[in-house]
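All chains, full assembly: derive it from the sequences and hints.
2 protein chains.
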Amino acid sequence: MSEYPISSRTQLKRSPKKACYDKQQIREILDEALVCHVSTHWHGQPLVQPTIHWVDGDYLYIHGSSKNGLFQALLAGQPAAICVTLLDGLVFARSAFHHSVNYRSVMIYAQAELIDEEQEKRRQLDLLMERVREGRSLEARPANDTELKATAVLAFKLEEVSAKIRRGGPIDEAEDMQLDVWAGVQPITQVLGEIELD
Amino acid sequence: MSEYPISSRTQLKRSPKKACYDKQQIREILDEALVCHVSTHWHGQPLVQPTIHWVDGDYLYIHGSSKNGLFQALLAGQPAAICVTLLDGLVFARSAFHHSVNYRSVMIYAQAELIDEEQEKRRQLDLLMERVREGRSLEARPANDTELKATAVLAFKLEEVSAKIRRGGPIDEAEDMQLDVWAGVQPITQVLGEIELD
Numbered sequence: 101m102s103e104y105p106i107s108s109r110t111q112l113k114r115s116p117k118k119a120c121y122d123k124q125q126i127r128e129i130l131d132e133a134l135v136c137h138v139s140t141h142w143h144g145q146p147l148v149q150p151t152i153h154w155v156d157g158d159y160l161y162i163h164g165s166s167k168n169g170l171f172q173a174l175l176a177g178q179p180a181a182i183c184v185t186l187l188d189g190l191v192f193a194r195s196a197f198h199h200s201v202n203y204r205s206v207m208i209y210a211q212a213e214l215i216d217e218e219q220e221k222r223r224q225l226d227l228l229m230e231r232v233r234e235g236r237s238l239e240a241r242p243a244n245d246t247e248l249k250a251t252a253v254l255a256f257k258l259e260e261v262s263a264k265i266r267r268g269g270p271i272d273e274a275e276d277m278q279l280d281v282w283a284g285v286q287p288i289t290q291v292l293g294e295i296e297l298d
Numbered sequence: 101m102s103e104y105p106i107s108s109r110t111q112l113k114r115s116p117k118k119a120c121y122d123k124q125q126i127r128e129i130l131d132e133a134l135v136c137h138v139s140t141h142w143h144g145q146p147l148v149q150p151t152i153h154w155v156d157g158d159y160l161y162i163h164g165s166s167k168n169g170l171f172q173a174l175l176a177g178q179p180a181a182i183c184v185t186l187l188d189g190l191v192f193a194r195s196a197f198h199h200s201v202n203y204r205s206v207m208i209y210a211q212a213e214l215i216d217e218e219q220e221k222r223r224q225l226d227l228l229m230e231r232v233r234e235g236r237s238l239e240a241r242p243a244n245d246t247e248l249k250a251t252a253v254l255a256f257k258l259e260e261v262s263a264k265i266r267r268g269g270p271i272d273e274a275e276d277m278q279l280d281v282w283a284g285v286q287p288i289t290q291v292l293g294e295i296e297l298d
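Quick mapping for you: the protein sequence lines, in order, are chains A and B.
Just so we're aligned, residue 101 is where the first sequence starts under our numbering, counting upward by one.
Just so we're aligned, residue 101 is where the second sequence starts under our numbering, counting upward by one.
Calculated from the structure, these hints are not laboratory results.
Mixed in with the good hints, there may be bad ones.
Treat identical chains as interchangeable: a pair holds within one or across any two.
Calculated cross-link-like contacts (lysine-lysine; reagent style BS3-like; alpha-carbon spacing at most 27 Å) [to be verified]:
1) K264 <-> K167
2) K257 <-> K123
3) K123 <-> K221
4) K123 <-> K249
5) K249 <-> K264
6) K113 <-> K221
7) K117 <-> K167
8) K257 <-> K113
9) K113 <-> K167
10) K249 <-> K118
Quantities reported herein were computed from a predicted structural model and do not represent experimental measurements.
What follows is the structure, encoded as structure tokens:
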């Protein structure tokens, strides 16, 4: 199946044209973005945290300190909502109201699963390094047992997933088109520079 | 006072050196970032949503459709956690474990306040336009009453606020420094391009 099924949580109610459930397009957004925001709640308080993520098969993965408070809430069974956002441009319309931004964002609702088996944990952490820089997992000194124990790897099954995408120029009201106001799009890109050696 | 007071939620437990409560530095991060992630929970489910924000005085503001589900939860009194993240670089260490990222992120815990008074609502939406492009609020056709009504503006008092900042090169274990592994930082920048006129 090439699309994620639509759930009550992933159905876009107000901008159905911006909705996307296509697995390939969603995978591309997840691969391009270097940061996701993971949220949950714990004792009535919302928690949200930025972290790098990676995808392998049908799962999105994150890692962090085993002592991380949000991780502990997730491992206690609290549900996660994970958002990945790429900002692509500022959209200037002729009216204030129709100003907008171009973006590609993905929402994932899932329960965390702890990756505890050593070989799979090492394999996933290698995939993270490879995602950031091909070949890096073969260069760096691998984690020792203490380091591996200090790191928690969480997996989230990609099942209840949607994307919201806005592309293109401003959409003005017909009666505003003759106004003497410039309109357009200012593109935004994330640029990775040259590595500065240590 | 030049620093936000530390609360149990904004105290960094594991990386105190990365903690920052300086109001000026936090304001700079909030002004530089174009996107924040707002999270709360509703009927046991976590919600998280990306949106553009702006700062005026002691408040951070967001806007969106009056019908937005997350906004309705916030206006029903649910607490918000808001995260603003700037990714500044990929940090390559000699060991897998000490790979990291350079970033500046801000956490805000607050209750939403609805900006309902028309003049103040218009003034805040003008500030949003001015933040994106100076002078724009004087160029674009102002919102009419219908458009203004369709837009909700929420304010969050900046009181329980902290930043977490990582800068600089990799920090390797002393015994790894002689390894024949390159290390360094790959800078990441967000670039706003030339406006493409509509």
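Hints, one by one, checked against the model:
1. K264 <-> K167: Only across copies: K264 and K167 sit 17 Å apart there, 33 Å inside one copy, limit 27 Å.
2. K257 <-> K123: For K257 and K123, the Cα distance is within 27 Å only inside one copy (13 Å; across copies 39 Å).
3. K123 <-> K221: Within one copy only: 25 Å inside, 40 Å across.
4. K123 <-> K249: Answer is neither: 33 Å inside a copy and 36 Å across each miss the 27 Å cutoff.
5. K249 <-> K264: between (37 Å within a copy, 24 Å between copies)
6. K113 <-> K221: between (38 Å within a copy, 25 Å between copies)
7. K117 <-> K167: between (41 Å within a copy, 17 Å between copies)
8. K257 <-> K113: For K257 and K113, the Cα distance is within 27 Å only inside one copy (24 Å; across copies 29 Å).
9. K113 <-> K167: between (38 Å within a copy, 10 Å between copies)
10. K249 <-> K118: So K249 and K118 pass the 27 Å test across copies only (22 Å; inside, 42 Å).
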